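The primary structure of each chain is shown beneath.
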Amino acid sequence: MLIKLSGGKVYDPAHQIDGKVMDIYIRDGRIVSRPRDDETIDQTYNLRDKVVMAGAIDMHTHIGGGKVNIARMMLPEDHRADPSQHSDLCRSGCGHAAPSTFTTGYRYAEMGYTAAFEPALSPVNARQSHLEMGDTPIIDKGGYAMIGSDDYFLRMLTAKKDQNAINDYVAWIIHASQAIGIKVVNPGGISAFKFNQRALDLDEKNVHYQVTPREVLKALSRAVHELGVPHPLHVHANNLGVPGNMDTTLKTMGASEGYPLHLTHIQFHSYGTEGDRKFSSGAAQIAEAMNKNKHISADVGQILFNQTVTASGDNMRQFANSGLASPNKSVIMDIECDSGCGVVPFKYKDKNFVNALQWSIGLEIFLLCDDPWRTFLTTDHPNGAPFTSYPHLIRLLMDKSFRNDMFTKLNLDAQAMSTLNSIDREYSLYEIAIMTRAGAARLVGLHDRGHLGVGAGADITVYSDNPDREKMFEKPDYVFKDGELVVKDGQVVKVTWGHTHTVKPEFDRGIEKDIKQYFDTYHTMSMENFKVSSDEIAEGGRGGVVVQACEGRREKSL
Amino acid sequence: MANSSASTFEAVTCPACGLLCDDVRIERDSTDRLKVIDKGCAKSVTFFERVVQKSSPSITGKAVSLTEAINKAADILRSTNQPLFAGLGTEVQGMRSVLSLADKVGATLDHMNADSSFRNTLVVQNSGWQVTTLTEVRNRVDLLLVIGSDIVSHNPRFFERNVWNKESMFDQDTSAREVVYLGGQNIDTFAGVSPKGVKPTVLPCDLESLPEVVAALRAIISGKTLIATEVSGVKVRDLESLSERLKAAKYSVVTWVSSDLNIAHAELTIQNITELVIKLNAKTRSSGLPLGGSEGDSSVNQTSTWISGYPVRSRFARKHPEYDPHHFSAAQLLNNGEADALVWISEFNPDKTPPNVNIPKIVIGHANMQGNDADVFIPVSTSGIDNTGTMFRIDSSVSLPLGKLRESALPSLGEVMAAIEAALSKNMKRAKPC
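Keeping their order, the protein sequence lines are chains A and B. Per the numbering used here, the first sequence starts with residue 8, numbered consecutively. Per the numbering used here, the second sequence starts with residue 45, numbered consecutively.
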């Protein structure tokens, strides 16, 4: 089957193509070079005046795992308002803040997204994450294994184990949990909460292990780098949501001593303490530091106004925030001496001073960070807002007058504390394509996705060039997944199973001897059962595991 | 199937209760009989050593081929408007297939343990809770408060594996752990005696009085002064002393088994437990721990929740999932004549038989059920013995693969459900629009 996408305006930043009119050819799920004149083209799509991009990639979205399922379980009232019907093609389900898995897959695809990554896959809960993602159709997926508060790793730091040993453990975790990266949440803080510490600053010691978050960040960022894992250490920093936490965030940028770090939902970590209410925007300082520190990338974690639910591994901070729950209920868990979770429903309101300022801070960060290759479009779904609000967010970034109209509706005190309406920048389609395609693929390490070059997987989205960017991005004309037309006019027309992307860095398998003994002594499951097999992921004909290339084990860099 | 070679399996996962111990050692003889030879308990022995009787698919008690039985089941489902899928004794992979068929035929779903599961679920949906998991308990608990249960009738190895374990991560002297039983009469507290012989504190009361006793404990922990000196036979002085011990503990764990709380206001009692835990966390650390569970209840609820958005009791009759903890109770639907066919599923346990009904009845279950009174009976293999599977532990964060210990000629539940779905699709051109 040879398909020709004819004459669309192509935005492919990986190849510096910025709106050039050109043809794209697809064969057997891949983008191929222009065929010989005597080859038969089976199907041609006339894309004159249409905008063509690679399928979008959400590099941070909570779509699968224990805490997401707790969020679903505890919010039947949210689901009731958004039922999703069974059709000839699609399974039924429900949407909004924590959608069911099938609905998640359909809705991502219908927005032109072809991949999404679960950022907080707790290794002990990895099987559940993969089960849920396995029931999420069409899109590709993957996860970042969350460590840094796990007993085994913290013991290694206490014992001052050699970096090579830490690298081996980190690689083992990536293999065992079928992950594509490593995340750390409130470094050391989830563990500290279990020892009744209620806050943990960057240089504060966990009372039991006598280890600081800075040491955790340094060891893990170095491990990820030395293992050649493309995705830098994914960091949910300490002190999420705390006024004044911008200082922690700025210090965190230096904590890895030059090893790459990705700071996630940085909006929630960019707060100052100025003004009468001791809550202010740190966006300018954060953006300035981002612009200066080329080893740092960030996704924003924009909030948008409405009901949502916050779901995080950071049980220390979620416990502290549980009093703000709306509706008033929350689930806080300690998990297996490995991690934790906290699920707190939340309603962001534009007339609320703090919420309004959070909205502004997120947008200020987007607009003040110069480099879209290091800045990523997320709402930290569902923590800032459900992923279905991305088209609205894109319009806010691309349309200054729309943004300013929204700004004037905010709480007046928040308006007075924000510089947002003095910022003229509007994102271009090319920059949106960087943030949501080329840059995201490069950041996650998806070598054959996020671009339209020959050999890439044919994940392609086609839009009508509507000046109302919200309308444009919420309903693409066509979405192709691995070369198959899966969405037409914003509706699913074919259901496929996407792949699960992983990396498999090399490591010394001899370490399993010690890990097995550790499991046998302290845990309530065996080491073998901790590991998720590729067969389990592909169960029942679902998409299989794809191993993306690592850059090979790097020499010790210090 | 006989004549396979004998074999020994190490580290087998046992789905017989919510703990999913995965250290069980099992021997298989040349006739495929299994024997638990190490790390067993009464429940695992019953489960693994059950002799499977010869059985065949049948229609109204008459043996038929599997294909005939599947076609007949499809025929029944095709002619119904409000099918009820109940029992649901299965694991994750089985439940995936159940949900797929339910979506297609517009079924209502209920699990055989739903009455007790809801005592917990309604608390989560109303106020949330603060809970922990087994490995945390094993390594951190210093004071265990057991409410209204002996635990071990449901989870025989709970104390052995999670309380009286010798070693812990944080160098705790585990034998010095304290255990308190609150509520119930004549509870067997032997499992709570420490390895050094220290007996647990026991504060008995009638189970029916637990709502007020637990409310009193919560009030005391919250700093309220009670005028009464006794609550349903429990001295307020003893509750005050328990409150002090909980406040002094570094990591107390408060546990209950919802199926033992077969009393009025069970969910309010559990909510008082979880709210007193939250109160304790203002100063120290404390966690709830719901125990008990199985017949796949937590696996079924987890799977249903990610696929449909809701735990069971749910309904697909209106082409989208709906959820109602009360109206979609199987017993109630059957009593009110609101179901026109029953599909009863129990792959783990032949003793979990369907209710007597006067509507078409399809039984898909353990071979020993025989199912002579069913319109259609399809014996299936058992996950964890005859086929692989996936199961969630009662503490919800951990799921484990179930192994295959022998060959079985029987199809798995997933295969049967998929075959019924395929049979329906084949002849479904005139069927309900979906």
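I should point out that these hints are in silico values taken from the structure, not numbers from a laboratory. If you're wondering where the values come from, they're calculated on a predicted model, not measured in any experiment. Note that the Cβ used here is the ideal one computed from N, Cα and C, for glycine as well. Among the hints, a few may not be true.
Stated by the list, open to error - Among chain A residues calculated to face chain B with C-beta under 10 Å, some are: (1) C101; (2) L138; (3) Q314; (4) Q498; (5) V499; (6) S541.
Each hint tested on the structure:
| no. | hint | result |
| --- | --- | --- |
| 1 | C101 | holds (4 Å) |
| 2 | L138 | holds (6 Å) |
| 3 | Q314 | violated (15 Å) |
| 4 | Q498 | violated (16 Å) |
| 5 | V499 | violated (15 Å) |
| 6 | S541 | violated (13 Å) |
Figure legend: structure checked against the earlier numbered hints; hints not met, in rising order: 3, 4, 5 and 6.
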